[in-house]
Amino acid sequence: MKDSVEGYTTADGRKIGAVVMEMKNITLRFGGVVAIKDISFDIREGEIRAIIGPNGAGKSSMLNVISGFYIPSEGEVWYKGSKRPQMKPFQVAHQGIARTFQNIALFEGMSVLDNIMTGRLTHMKSNLMQQALWWGNASKEEMANREKVERVIDFLEIQSIRKTPVGRLPYGLKKRVELARALAAEPSLLLLDEPMAGMNVEEKEDMSRFILDVNDEFGTTIALIEHDMGVVMDISDRVVVMDYGKKIGDGTPDEVRNNQAVIDAYLGVAHD
Amino acid sequence: MAQPTAGAGELRSIPALLHRNASQFGSSPAYREKEFGIWQTWSWAETEKEIEALALGLLNLGVNKGDFIAIIGRNRPYLYWSMVAAQSVGAIPVPLYQDAVAEEMEYVLSHCGARFVIAADQEQVDKVIEVQEHLHQFEHMIYLDPRGLRKYDHRRLHQFSHVQDQGRAAREEFIEELKARREPLTFDDTCVMLYTSGTTGKPKGVVLSNRNIIETARHSSDFDHLRPDDEVLAYLPMAWVGDFIFSIGQAYWTGFCVNCPESADTLATDLKEIAPSYYFAPPRVFEMQLTQIMIRMEDAGSFKRRMFGYFMDHAKKVGPKMLDGESVGALDRLKYSLGEILVYGPLKNTLGFSKIRVGYTAGEAIGPEIFDFYRSLGINLKQLYGQTEASVFITQQPDGQVRSDTVGVPSPGVELKIADNGEVFYRSPGVFVEYYKNPESTADTKDPEGWVATGDAGFIEDGTGHLRIIDRAKDVGKMADGALFAPKYVENKLKFYPNILETVVFGADKEWCTAFINIDLSAVGNWAERNNISYASYQELAGHPKVLDMIQNHVEETNLSVAEDEMLSGCQIHRFLILHKELDADDGELTRTRKVRRKIIAEKFNDLVTALYDGSDSVYTETEVTYEDGRKGKITATLAIRDAKVVPVTAKKIAAE
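Heads up: the sequence lines are chains A and B, in that order.
Following this note's numbering, the numbering of the first sequence begins with 1 at its first residue and continues without gaps.
Following this note's numbering, the numbering of the second sequence begins with 1001 at its first residue and continues without gaps.
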């Protein structure tokens, strides 16, 4: 893999572009606990970038830094060529970053359709009054957004549960609905927090296929955290490995797989 | 809207009918499909344009007269257009079962030597690519849904919409050629080739001519007074002759609208939204629906449950009579109207049956209880009897003469005769031309005078002229004591219980009959939930002693009812077991149209059959299974065998002809 400023071409012929997000020397502390220690890496346009590591390695903290939920104690986040100032999560969302959560965060009482519609909120301009009274641009906007949502529903093959309340769905489908909501926001960067946690083999295969299809079809840049090494190695272009808040590896799945520090972190190392 | 003016002189091909429809009912809907949550509509005029663009695109790709074009996918307007576009350029459409595995497709594709394949999506494209090196004549593939196919080698792969675009762009160049191929199509040209699923052996390609399809469509549309404003929902496999007759033959003859569901999982919703006026379903679908209703009613509150029970009892008493136009007392009528408001109407609405004028079931015998249930709701459900070789229709039930135990009178234009061994023969304008590249089988099935053997044993009822089918002619046998053995007769009775999904009865040349039983996971699972019985898998539930008790009751009740029929009282089930796996087409145990393959099952589970006859209480078995992705695995189980009470048969009469 040639890693240049312009990007590189993957083994299956996808063009990976320039850096969209760069983490520069990020350190995150909670009181005396150092969750992330001096980590730097970048995410390039169009790639699937995985962050892996054993329990407590600081992966979710890292994702929360990317999504703007945590503000790093030290270091800088660069997004699309400029340094990101301190932002509220909704401001980050407006920048085109969407995410899913490790513990599903959907509105259980609302239908699948309504849940996914909430993903379009950042694209709606009519105000509460207009929407309540169905006045002005509200109806036109609703229709345009509904169409986008329907395309996502079609893409993720969840037509049959469109009107089903989320609370009645099995776990694997909820995960898919959450992905749908994130996709509805038409993000340029999609963050997935353990998209396959708790799934059976078949559901994992489905989810992997959807992640690859999203990347292929919409060219969305994807950063994901995952436990399942097999899945990560199969679908990601580059992998960052974390352990105890530090970066211990970074590179293609093959490079990472042969990295001694990574092997030690995962399998444990004998102490004399 | 008026009936299409006949002018049958020129209407000798499906493209000709399309042109007639586009000029006569140009703006009325021809196709609808739900996509992106909305029903998208194409009028007949638009349909003609779409089909023409595709046909021109096919010419552009180099389709020759007489080429075979395979079509694989679920029911979508684009694939129906593909069939008509293929006919327009003088090619022959060959629809394939979309759930067939790659090897099955390989056989059919190489047997017909398809040069072109039109596939719905990546899944189907992958299957064809997997076997393409064995297909010598295969040249180009056209796909509908581009998803996931971006990175494929596109030298032989084309997107459907691009083919149409190229066709439109090259209109000037190819339109004369298209006319030269489309216009001279006659009644003798091949309309379609359909592969029979084949309960035995390799599938056979049934060649049906324009005469077969159009004459059959004309007769059957008249028989049921179909109208241009009728609506059908196309959801049965496109490779099945019934779908071809309903969604192409009758739709083009009559000019009614074909609606395609959004996906296989949304069928119930789509059915409710469309509310078809003309509907066809195999008994299995009606059974499943009834099971669903019963499960949901058992979960309902006690008031609703009692109301449902009360009015359904009333409907069973008077509903079918009212439907047949017999006289019913004024009070009963009043009570029925009240039921219509409170129960029947809402129920029919939920099922999507509010507007049905004509409903058919065929393929297998339907349980009288199931049949009566729908008819008592006021749904004009009828039975028909047919097969691919007849372009479907052999017999059907006229309005007002509907019964659950017959399959009706000969369809218009059909002659029937019963052979000495009881086998039913027919002759009609719908009789197929030949089996493709298989003159021996053609000669075996169709004699020089045009009589075709159905392979079913039956008789024509005195007085009414209705045909009654007993069983497959080759399955009807004798038991050791010479009594008549008709397995299907008993199986159908068993399958009428919602808890029993499938069953296979053995007994030919034996002292007594035995049975394999498959439980219905949704019905029995629901029952288990209500009775606090926990289970982790189908296998565990199937082996539960309480489930066995329940099934034993069903078997014993069935024995009582079988014993009432003098001719068949020997077919009572003495011993049975519940299978540890569901019978599956992927394992070769069922055909793709879900009929049991008796012989294969008997061979595969030979150890179980032996155990049923040697008196043992339980049997250990290992079975190979095929998963959906084609991998194989093994399951093991110890199955309990139960004895069932039988009614002693006193005066045994040997079936007298």
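It is worth saying that the hints were derived from the structure and are not from the lab.
All C-beta atoms in this analysis are idealised placements derived from N, C-alpha and C, irrespective of residue type, glycine included.
Each hint should be verified, as a subset may be incorrect.
What the simulated footprint calls covered on chain A by chain B, stretch by stretch (three residues with Cβ under 8 Å from a Cβ of chain B suffice, anywhere in the stretch; the number is not a length) [said to hold, decoys possible]: (1) 152 to 160; (2) 212 to 221.
Lysine to aspartate or glutamate pairs mimicking EDC-like chemistry, simulated, CA-CA at most 20 Å apart [to be verified]: (3) K1474(B) x D1462(B); (4) K1034(B) x D1265(B); (5) K1151(B) x E45(A); (6) K1034(B) x E147(A); (7) K15(A) x E150(A); (8) K1034(B) x E45(A); (9) K1348(B) x E1231(B); (10) K174(A) x E157(A); (11) K1034(B) x E150(A); (12) K1446(B) x E1035(B); (13) K148(A) x E186(A); (14) K125(A) x E45(A); (15) K148(A) x E1340(B); (16) K1632(B) x E217(A); (17) K174(A) x E1340(B); (18) K204(A) x E1231(B); (19) K125(A) x E147(A); (20) K1335(B) x D1372(B); (21) K1151(B) x D216(A); (22) K1634(B) x E202(A); (23) K1634(B) x E1556(B); (24) K204(A) x E1556(B); (25) K1317(B) x D1299(B); (26) K1151(B) x E147(A); (27) K148(A) x E1033(B).
Tested hints:
no., hint, verdict
1, 152 to 160, "holds (count 6)"
2, 212 to 221, "holds (count 3)"
3, K1474(B) x D1462(B), "violated (24 Å)"
4, K1034(B) x D1265(B), "holds (13 Å)"
5, K1151(B) x E45(A), "holds (19 Å)"
6, K1034(B) x E147(A), "holds (13 Å)"
7, K15(A) x E150(A), "violated (28 Å)"
8, K1034(B) x E45(A), "violated (35 Å)"
9, K1348(B) x E1231(B), "holds (16 Å)"
10, K174(A) x E157(A), "holds (13 Å)"
11, K1034(B) x E150(A), "holds (11 Å)"
12, K1446(B) x E1035(B), "violated (44 Å)"
13, K148(A) x E186(A), "holds (9 Å)"
14, K125(A) x E45(A), "violated (28 Å)"
15, K148(A) x E1340(B), "violated (41 Å)"
16, K1632(B) x E217(A), "violated (33 Å)"
17, K174(A) x E1340(B), "violated (39 Å)"
18, K204(A) x E1231(B), "violated (40 Å)"
19, K125(A) x E147(A), "holds (16 Å)"
20, K1335(B) x D1372(B), "holds (18 Å)"
21, K1151(B) x D216(A), "holds (9 Å)"
22, K1634(B) x E202(A), "holds (19 Å)"
23, K1634(B) x E1556(B), "violated (33 Å)"
24, K204(A) x E1556(B), "violated (46 Å)"
25, K1317(B) x D1299(B), "violated (25 Å)"
26, K1151(B) x E147(A), "violated (27 Å)"
27, K148(A) x E1033(B), "holds (18 Å)"
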